[in-house]
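Each chain, letter by letter, is given below.
Protein chains: 2
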Amino acid sequence: MRLAIVGASGAVGHELLSVLEKSNLRYDELRLYASPRSAGTTLECRGKKILVEVMPEGKIDADVILASAGGSISKSQAPIWVEGGAIVIDNSSAFRYDENIPLIVPEINGDVLEQHNWSKGGIVANPNCTTAVAVMALYPIHQKYGIKRAIISTYQATSGAGAKGMSELLEQTKNALENKPVTNEVFAHSIVFNVIPHIDSFQDNGYTKEEMKVAWETRKIMRAPNIKVSCTAVRIPTLRTHSEAITLELEKPAQPNDVRTLLETAPGVEVRDNPAEKLYPMPLTASGKNNVEVGRIRSSQVFDGGIDLFVAGDQLLKGAALNAVQIAEYMQQKGLIK
Amino acid sequence: MRLAIVGASGAVGHELLSVLEKSNLRYDELRLYASPRSAGTTLECRGKKILVEVMPEGKIDADVILASAGGSISKSQAPIWVEGGAIVIDNSSAFRYDENIPLIVPEINGDVLEQHNWSKGGIVANPNCTTAVAVMALYPIHQKYGIKRAIISTYQATSGAGAKGMSELLEQTKNALENKPVTNEVFAHSIVFNVIPHIDSFQDNGYTKEEMKVAWETRKIMRAPNIKVSCTAVRIPTLRTHSEAITLELEKPAQPNDVRTLLETAPGVEVRDNPAEKLYPMPLTASGKNNVEVGRIRSSQVFDGGIDLFVAGDQLLKGAALNAVQIAEYMQQKGLIK
Numbered sequence: 001m002r003l004a005i006v007g008a009s010g011a012v013g014h015e016l017l018s019v020l021e022k023s024n025l026r027y028d029e030l031r032l033y034a035s036p037r038s039a040g041t042t043l044e045c046r047g048k049k050i051l052v053e054v055m056p057e058g059k060i061d062a063d064v065i066l067a068s069a070g071g072s073i074s075k076s077q078a079p080i081w082v083e084g085g086a087i088v089i090d091n092s093s094a095f096r097y098d099e100n101i102p103l104i105v106p107e108i109n110g111d112v113l114e115q116h117n118w119s120k121g122g123i124v125a126n127p128n129c130t131t132a133v134a135v136m137a138l139y140p141i142h143q144k145y146g147i148k149r150a151i152i153s154t155y156q157a158t159s160g161a162g163a164k165g166m167s168e169l170l171e172q173t174k175n176a177l178e179n180k181p182v183t184n185e186v187f188a189h190s191i192v193f194n195v196i197p198h199i200d201s202f203q204d205n206g207y208t209k210e211e212m213k214v215a216w217e218t219r220k221i222m223r224a225p226n227i228k229v230s231c232t233a234v235r236i237p238t239l240r241t242h243s244e245a246i247t248l249e250l251e252k253p254a255q256p257n258d259v260r261t262l263l264e265t266a267p268g269v270e271v272r273d274n275p276a277e278k279l280y281p282m283p284l285t286a287s288g289k290n291n292v293e294v295g296r297i298r299s300s301q302v303f304d305g306g307i308d309l310f311v312a313g314d315q316l317l318k319g320a321a322l323n324a325v326q327i328a329e330y331m332q333q334k335g336l337i338k
Numbered sequence: 001m002r003l004a005i006v007g008a009s010g011a012v013g014h015e016l017l018s019v020l021e022k023s024n025l026r027y028d029e030l031r032l033y034a035s036p037r038s039a040g041t042t043l044e045c046r047g048k049k050i051l052v053e054v055m056p057e058g059k060i061d062a063d064v065i066l067a068s069a070g071g072s073i074s075k076s077q078a079p080i081w082v083e084g085g086a087i088v089i090d091n092s093s094a095f096r097y098d099e100n101i102p103l104i105v106p107e108i109n110g111d112v113l114e115q116h117n118w119s120k121g122g123i124v125a126n127p128n129c130t131t132a133v134a135v136m137a138l139y140p141i142h143q144k145y146g147i148k149r150a151i152i153s154t155y156q157a158t159s160g161a162g163a164k165g166m167s168e169l170l171e172q173t174k175n176a177l178e179n180k181p182v183t184n185e186v187f188a189h190s191i192v193f194n195v196i197p198h199i200d201s202f203q204d205n206g207y208t209k210e211e212m213k214v215a216w217e218t219r220k221i222m223r224a225p226n227i228k229v230s231c232t233a234v235r236i237p238t239l240r241t242h243s244e245a246i247t248l249e250l251e252k253p254a255q256p257n258d259v260r261t262l263l264e265t266a267p268g269v270e271v272r273d274n275p276a277e278k279l280y281p282m283p284l285t286a287s288g289k290n291n292v293e294v295g296r297i298r299s300s301q302v303f304d305g306g307i308d309l310f311v312a313g314d315q316l317l318k319g320a321a322l323n324a325v326q327i328a329e330y331m332q333q334k335g336l337i338k
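Chains as they are written, first to last, in our numbering: chain A, 1 to 338; chain B, 1 to 338.
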């Protein structure tokens, strides 16, 4: 199996290599592609030094391509790569809302992949990072109790905007501490010691695209078209891991202890919920961790039988690189990759 | 009128002096009190240098005392000060939930003060900072549309824990940038580049006291005992200004444009809601500002006719010092202070 990573030098690309190190995914060849600016360096994976090449125009000789080079490259190139026979696992939002394209979190809807024929290639969409983190906690709850409404407020790290987002926060922080002027390029405003309720572009309904992605993708991944989701997506001055405060109205009333027990056996979830021991989800503990931390599980004050909870998940891992590799692993296990 | 500030050297004390500079509150004498550790310095207000004295044991010779030295001092001392004839405007939570003690945001329920006899002194409670910021936006909406449910997620600055909270963030940030070890005393965990869903102590119901304060105080201030409020209170690495993502279910359906128009004439509110121009509430713009910024006003995706919005208010001002001085101003205007 010939594997390729497009966007190998970015924040997600970096994590893809690190996830592949520990993954059981079998491949015979791994090639790394990036923009001309980043090509020419070498990166290491599984004991091998690999040259980062300039992404070719046209098709790429690979069976599986992990694409993480932004929406516009995916949009224009992925169809060409598929024509060449490749399976493209795409980290951008370019194809997520196409009803013919599977949008996959393997623990939740991996089976959807088996309904497609991949012998001539195709596109699998990797979800938005905020959504991927949220659904890990929401899906087990939805299966048992049925979610009617979800209100989600996010605390999103600067690495959600890639490595350059993290650099901007660090540079601004350094300057702020030295009382030097702070400039911004990646974010709409200065992010150091600030909060910006604006991620991705604004839609006509007053929500940002990021906020609507959480609604659209949650429904698609969980195959639950009737769940109502209101999201407020907020950038805060952290480096990695997205946190989310979630309030749920449920069809069947839930007790916090039962939800805790349920999530303790859920795949990809770590229940971290012991306030007396100061244990709850935080970027400090969730960063670098494959599992999504879930805690602050309590009876909602607004919905009878509803649940409030807090999650923190490394959005570069489950929200991006880890989930992409898990999709490839799932497809390989099911014999969907030639 | 003899005015005194207890806790003059703290973060709120500092703001009280700065608010008094611009206030019309008339007083003949201003005395400043602090702990023995902070006493002995001089602070300036209205062109006068004032010595910070050690807070006396027993009564204080003042007609109005602005108390901001923490809950335990207020709890033990305020009744003694009142015995001495003083009106105590208390910034702690010690008396807020006593049904005989008015909990006041002057723009909302200042009239409650007129139902009491202050000739022999008494206590007025100043609300929790998160609540004071939220109700500025919620009350006009409640009056016109009737709020049934409010889901509030907070983004709270380190100065909510006083000047020492800010210092801890700055110190940790400096150390983190230099890859030095980070220690924490004020907060339960390291706050630099982190998010801590834990403010004040945990209650039996799994909510923190901070979260329940928002529910209790919102109902008391707005005289709306039936509003359901679920809050998640989260500390983030900012210096000042609390932000809040709020989702509202309403009795009467609201249109975002009408809510915007309504809030544009609301006292103490600045509508900052033009996404196309990147205008929305943020600590960056709300810090140091008396008015609470309100924006991101949009139709809720979970409640028909409901509203989602985002607020940012300087919690040291409207959430503490400004509101306390406004209470004193209101009482003086109404002739309630001898």
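Please keep in mind that the hints were generated in silico from the structure rather than gathered at the bench.
Each hint should be verified, as a subset may be incorrect.
Given that identical chains are not distinguished, each listed pair holds provided it fits within a single copy or across any two copies.
With a straight-line cut-off of 20 Å between C-alpha atoms, the simulated DMTMM-like cross-links for lysine to aspartate or glutamate are [to be verified]: (1) K180 - E21; (2) K49 - D258; (3) K252 - D63; (4) K164 - D304; (5) K228 - E251; (6) K120 - E178; (7) K289 - D98; (8) K49 - E264; (9) K278 - E185; (10) K228 - D304; (11) K144 - D28; (12) K75 - E277; (13) K278 - D204; (14) K278 - D200; (15) K228 - E57; (16) K148 - D304; (17) K278 - D111; (18) K59 - D304; (19) K48 - D200; (20) K289 - E53; (21) K338 - E251; (22) K209 - E277; (23) K120 - E53; (24) K174 - E83; (25) K338 - D111; (26) K48 - E99; (27) K338 - E53; (28) K75 - E178.
Evaluation of the provided hints:
1. For the identical chains of this complex, K180 and E21 are neighbours neither inside a copy (41 Å) nor across copies (29 Å), given an alpha-carbon limit of 20 Å.
2. Proximity of K49 and D258 under a CA criterion of 20 Å is satisfied in neither setting, with 48 Å inside one chain copy and 61 Å between copies.
3. Proximity of K252 and D63 under a CA criterion of 20 Å is satisfied in neither setting, with 45 Å inside one chain copy and 56 Å between copies.
4. Within a single copy, K164 and D304 get their C-alpha atoms no closer than 44 Å, and across copies no closer than 39 Å, so neither meets the 20 Å cut-off.
5. Proximity of K228 to E251 under the C-alpha cut-off of 20 Å is found in both arrangements, the shortest distances being 13 Å within a copy and 19 Å between copies.
6. With identical chains, the CA atoms of K120 and E178 are never at most 20 Å apart, being 57 Å at best within one copy and 51 Å at best between copies.
7. Proximity of K289 to D98 under the C-alpha cut-off of 20 Å is found in neither arrangement, the shortest distances being 31 Å within a copy and 46 Å between copies.
8. Taking the shortest alpha-carbon separations for K49 and E264, neither the intra-copy value of 39 Å nor the inter-copy value of 61 Å comes in at or below 20 Å.
9. In the homo-oligomer, the alpha carbons of K278 and E185 lie at most 20 Å apart only across protomers (14 Å), although the nearest pairing inside one protomer, at 37 Å, exceeds that limit.
10. For the identical chains of this complex, K228 and D304 are neighbours both inside a copy (17 Å) and across copies (10 Å), given an alpha-carbon limit of 20 Å.
11. Neither within a single protomer nor between protomers do K144 and D28 lie at most 20 Å apart by alpha-carbon distance, with minima of 42 Å and 67 Å respectively.
12. Taking CA atoms no more than 20 Å apart as the test, K75 paired with E277 passes in neither setting, with 47 Å inside one copy and 28 Å between copies.
13. In this assembly of identical chains, the alpha carbons of K278 and D204 lie at most 20 Å apart only when taken from different copies (14 Å versus 41 Å within one copy).
14. In this homomeric assembly, K278 and D200 come within 20 Å of each other (Cα to Cα) only across copies, at 12 Å, whereas the closest approach inside a single copy is 34 Å.
15. In this homomeric assembly, K228 and E57 never come within 20 Å of each other (Cα to Cα): the closest approach is 42 Å inside a single copy and 57 Å across copies.
16. Taking CA atoms no more than 20 Å apart as the test, K148 paired with D304 passes in both settings, with 12 Å inside one copy and 13 Å between copies.
17. In this assembly of identical chains, K278 and D111 lie within 20 Å of each other by CA distance neither inside one copy nor across copies; the values are 38 Å within and 42 Å between.
18. For a Cα distance limit of 20 Å, the shortest separation of K59 from D304 qualifies neither inside one copy, at 55 Å, nor across copies, at 48 Å.
19. When the C-alpha separation of K48 and D200 is checked against a cutoff of 20 Å, the pair qualifies neither within a copy, at 37 Å, nor between copies, at 51 Å.
20. Taking the shortest Cα distances, K289 and E53 never come within 20 Å of each other, neither inside one copy (29 Å) nor across copies (52 Å).
21. Proximity of K338 to E251 under the C-alpha cut-off of 20 Å is found in neither arrangement, the shortest distances being 43 Å within a copy and 58 Å between copies.
22. In this assembly of identical chains, the alpha carbons of K209 and E277 lie at most 20 Å apart only when taken from different copies (16 Å versus 38 Å within one copy).
23. When the C-alpha separation of K120 and E53 is checked against a cutoff of 20 Å, the pair qualifies neither within a copy, at 25 Å, nor between copies, at 82 Å.
24. For the identical chains of this complex, K174 and E83 are neighbours neither inside a copy (47 Å) nor across copies (52 Å), given an alpha-carbon limit of 20 Å.
25. Taking the shortest Cα distances, K338 and D111 sit within 20 Å of each other inside one copy (18 Å), while across copies they are farther apart (76 Å).
26. Proximity of K48 to E99 under the C-alpha cut-off of 20 Å is found in neither arrangement, the shortest distances being 39 Å within a copy and 71 Å between copies.
27. Neither within a single protomer nor between protomers do K338 and E53 lie at most 20 Å apart by alpha-carbon distance, with minima of 25 Å and 81 Å respectively.
28. Taking the closest pair of Cα atoms, K75 and E178 never come within 20 Å of each other, the shortest separation being 42 Å inside a single copy and 41 Å across copies.
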